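Asker: Protein sequences, first through last, are from chains X and B. Here this note's numbering is used: the first residue of the first sequence is 1, the next is one more, and so on. Here this note's numbering is used: the first residue of the second sequence is 1, the next is one more, and so on.
Since the hints were derived computationally from the structure, they do not count as laboratory data. What you are looking at is a predicted structure, and each value in this text was computed from that prediction instead of being measured. Misleading hints may appear alongside valid ones.
[To be verified] Here are a few chain X residues that sit away from chain B, every Cβ distance over 10 Å (derived from the structure):
#, residue
1, F42
2, L47
3, I110
4, M137
5, V198
6, G207
7, A218
8, V225
9, A234
10, G311
11, I315
12, P322
[Unchecked claim] Cross-link-like lysine-lysine pairs, in silico, DSS-like; alpha carbons within 25 Å at most:
#, chain 1, residue 1, chain 2, residue 2
13, X, K334, B, K83
14, X, K50, B, K171
15, B, K83, B, K171
[Claimed, not checked] Sample of chain B residues with no beta-carbon within 12 Å of chain X, all distances over it, derived:
#, residue
16, T21
17, N35
18, G76
19, S80
20, E84
21, V87
22, L90
23, N95
24, D101
25, A131
26, I213
27, S220
Don't be surprised by glycine CBs; every beta carbon is placed ideally from N, CA and C.
These are the residues of each chain, in order.
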Amino acid sequence: MQAATKHLSGAVEPDAVSSTGFVLGRYVPQLFFTCAAILLPFLVNALWLKVLTAVAIYALTAASIALLYRRLGLVSLAQVALMGCGGWVALRFAHAFGLPFEVNLMAGGIFAGLIGMILAYPALRMRGLYLALITLMAAGGFGILINVIQFPNGGGGLTGFEVRAITYMPRPVIAISDAAYFSYCMVVIAFGFLLIDVHERGRAGRGWALIRKSEASAMAAGVNVTLYKVWGFALSGFLAGVAGALLAGNLQLLDARSFPPAESVMIFALTVVGGAWHWYGAVIAALLYRLVPAFLNDLGLDGNAAYIIFGLALIHALITAPKGLAGQLSDGLKRLARRGPNA
Amino acid sequence: MIAIENLTVSFGGVTALNAVTVTLDQPVCGIIGPNGAGKTTFLNVISGFVVPQTGSIRANDTNLLSMKPHERARWGLRRSFQKEQVVNELTVEDNIRVVLDPLNLSGRERRDVLDTALDFVGLRGMRHALAEGLNAFERRMTEIARCIAGRPRVILLDEPGAGFSQGEVEKLRQIISDIHGFNGAMVLLIDHDVDLIQAVCQETIVLDFGSLIAVGETASVLTDPRVRAVYLGMEDA
Ligand SMILES: Nc1ncnc2c1ncn2[C@@H]1O[C@H](COP(=O)(O)OP(=O)(O)O)[C@@H](O)[C@H]1O
Ligand SMILES: [Mg+2]
Chain X
1 MQAATKHLSG AVEPDAVSST GFVLGRYVPQ LFFTCAAILL PFLVNALWLK
51 VLTAVAIYAL TAASIALLYR RLGLVSLAQV ALMGCGGWVA LRFAHAFGLP
101 FEVNLMAGGI FAGLIGMILA YPALRMRGLY LALITLMAAG GFGILINVIQ
151 FPNGGGGLTG FEVRAITYMP RPVIAISDAA YFSYCMVVIA FGFLLIDVHE
201 RGRAGRGWAL IRKSEASAMA AGVNVTLYKV WGFALSGFLA GVAGALLAGN
251 LQLLDARSFP PAESVMIFAL TVVGGAWHWY GAVIAALLYR LVPAFLNDLG
301 LDGNAAYIIF GLALIHALIT APKGLAGQLS DGLKRLARRG PNA
Chain B
1 MIAIENLTVS FGGVTALNAV TVTLDQPVCG IIGPNGAGKT TFLNVISGFV
51 VPQTGSIRAN DTNLLSMKPH ERARWGLRRS FQKEQVVNEL TVEDNIRVVL
101 DPLNLSGRER RDVLDTALDF VGLRGMRHAL AEGLNAFERR MTEIARCIAG
151 RPRVILLDEP GAGFSQGEVE KLRQIISDIH GFNGAMVLLI DHDVDLIQAV
201 CQETIVLDFG SLIAVGETAS VLTDPRVRAV YLGMEDA
């Protein structure tokens, strides 16, 4: 536990703001995503841009997982299902009301946030393996449900699904093309990371930090433990839901078969591999999850071979990198920086 | 003032507190007794972590038992733990700010309260440091700052002096003595260091096997033959 809490320091290093006075340090993720939004459409071809759009979207999902893991020590294996919830509502809204994309995006996020709050209930009483199993069961339940009701595709009725109807979800007016949509996703994700940052540095972050230390100390400091846990789950669910809505906008329709519970487990494992204590851990996780299989396909290999790589990466992380690859990277960079002036 | 009546707590077969009735109204009250006497349990009941089988607790005429732990904290009950609970990955300042978050303070009041709390324990210079780098005494001081910041009414300290050097205990003694003058809060202090208790507590209670065996002015309690017997008994064990 001592070791685990120590790792947290990487995530919220206040000295970036206070001691060096380098206020921009706080907005590195936003700068990164903005640069990517501007540059990448010029640098990569249409095929890879589609892959990178998926990477961006899953980076937000991984960030939502990392948030719960890092701040509350909770394992949620339902995040891909929450993406599905967000995607479903976004599609339903899009087909039913024809409102702007942003409204559908928010609706998807808020709905998944509400479902996240329901998942917080078991989290009030259990943690660790038991909670992981409950969230996995919820993901399984979603998998079954969605195979029955399917994702809305412009059909009628409550579910908005018909076998023949294929109406695509309209993309935002300012981001119709694939390239523009990639940049659009990057901007949304930059805001998502900002939302996490604002929470972690503020009142919520302080409350979560005490809860993680011990619930008794949190209560003794006046922290309403129930509220803060529900809050954490709501935020995490919201982000996953937004990611799901972005995914719906990317493909302009969703397939029930792409939301099996196993995907939630996979993305969780990769989040741990990427590193939950640094913002770019989520980016590494998403790159592994989406870019590696695409690379293998490109090389003419079976994309499923990616699972072997994931397995090796997980073993590597468990053995040598408790802070994930991001932790290793940042330690390496720090060591270089320390050596720099002397060399 | 804290008025406790007929307070009983048992864990399975162990009676940790046995029908304790006592009224405390001095600025600093000591709680002493051998290990396992029920001292920590006493604080746990007051702060709401343990629900008593019987009894009532009124503090400044508020019924504490009807409130949840975090509500008691907002009401003005603060405590430190036997094992300190400072969060490594937060700064010193944020470790203290967390108790101010739920209080309805303006931004300006919040800053003032934080500054005076940091000054009070002498940590202003390291307010932006991560708690990870603090030594044991600074950690204890951070926790005490968390207890005295805002407008606490009752502060419970569970063995704050354990493991510190003579000089550090001296500083701690000064700080505990100053709390009442600083914010008017009443302090309940558990400690094994009888010199510390004698120096800062006007009133002291003695627990042994969950029962209250003495209460009164500190000097007279410490010379009470029954209390001496308990302590001699403890040294034998
Ligand atoms: N949560 C608990 N569950 C079971 N027994 C407990 C618990 N807390 C305290 N006790 C028991 O109650 C008695 C009093 O403990 P405690 O209040 O911690 O003593 P002290 O702080 O005076 O050393 C001990 O016998 C202890 O084992
Ligand atoms: Mg104790």
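Asker: Each hint should be assessed against the structure and marked as holding or not.
Answerer: Right, here's what the structure says about each hint:
Every CB of chain B is more than 10 Å from the CB of F42 of chain X (nearest about 39 Å), matching its label as outside the interface. The Cβ of L47 of chain X lies farther than 10 Å from every Cβ of chain B, with a closest approach of about 42 Å, so its non-interface assignment holds. No Cβ of chain B approaches the Cβ of I110 of chain X within 10 Å, the least distance being about 25 Å, so the stated non-interface status holds. Every beta carbon of chain B lies more than 10 Å from that of M137 of chain X, the smallest distance being close to 30 Å; the non-interface claim holds.
For V198 of chain X, the shortest C-beta to C-beta distance to chain B comes to about 15 Å, beyond the 10 Å cut-off, and the non-interface label holds. The beta carbon of G207 of chain X is not kept farther than 10 Å from every beta carbon of chain B, the shortest such distance being approximately 7 Å. Interface exclusion of A218 of chain X from chain B breaks down, the closest Cβ pair being 8 Å apart, not more than 10 Å. Its beta-carbon lying about 7 Å from the closest one in chain B, V225 of chain X breaks the requirement of being farther than 10 Å from that chain.
Its beta-carbon lying about 18 Å from the closest one in chain B, A234 of chain X satisfies the requirement of being farther than 10 Å from that chain. Remark: the non-interface label on G311 of chain X is consistent with the geometry, its nearest Cβ contact in chain B lying 31 Å away (cut-off 10 Å). No Cβ of chain B comes within 10 Å of the Cβ of I315 of chain X; the nearest lies about 27 Å off, and the non-interface call holds. Every C-beta of chain B lies more than 10 Å from that of P322 of chain X, the closest at about 15 Å, which supports listing it as non-interface.
Proposed proximity of K334 of chain X and K83 of chain B is contradicted: the alpha carbons are some 33 Å apart, above 25 Å. Annotation: proposed proximity of K50 of chain X to K171 of chain B is violated, straight-line Cα distance about 64 Å (limit 25 Å). About 19 Å separates the Cα atoms of K83 of chain B and K171 of chain B, which keeps this hinted pair within 25 Å; it holds. Every C-beta of chain X lies more than 12 Å from that of T21 of chain B, the closest at about 25 Å, which supports listing it as non-interface.
No Cβ of chain X approaches the Cβ of N35 of chain B within 12 Å, the least distance being about 20 Å, so the stated non-interface status holds. Under the 12 Å C-beta cut-off, the non-interface status given to G76 of chain B relative to chain X is violated; the minimum distance is some 10 Å. Listed as outside the interface, S80 of chain B is inconsistent with that label: its C-beta sits roughly 8 Å from the nearest C-beta of chain X, within the 12 Å cut-off. Some Cβ of chain X comes within 12 Å of the Cβ of E84 of chain B; the nearest lies about 9 Å off, and the non-interface call is violated.
For V87 of chain B, the requirement that its beta carbon stay farther than 12 Å from each beta carbon of chain X is not met, with the minimum near 5 Å. For L90 of chain B, the non-interface assignment is contradicted: its Cβ lies about 5 Å from the closest Cβ of chain X, within the 12 Å cut-off. With a minimum CB-CB distance of about 8 Å to chain X, N95 of chain B fails to clear the 12 Å threshold, and the non-interface call is violated. Remark: the non-interface label on D101 of chain B conflicts with the geometry, its nearest Cβ contact in chain X lying 5 Å away (cut-off 12 Å).
With a closest Cβ-Cβ approach of about 10 Å to chain X, A131 of chain B is found to fall inside the 12 Å limit, against its non-interface label. Remark: the non-interface label on I213 of chain B is consistent with the geometry, its nearest Cβ contact in chain X lying 28 Å away (cut-off 12 Å). With a minimum CB-CB distance of about 32 Å to chain X, S220 of chain B clears the 12 Å threshold, and the non-interface call stands.
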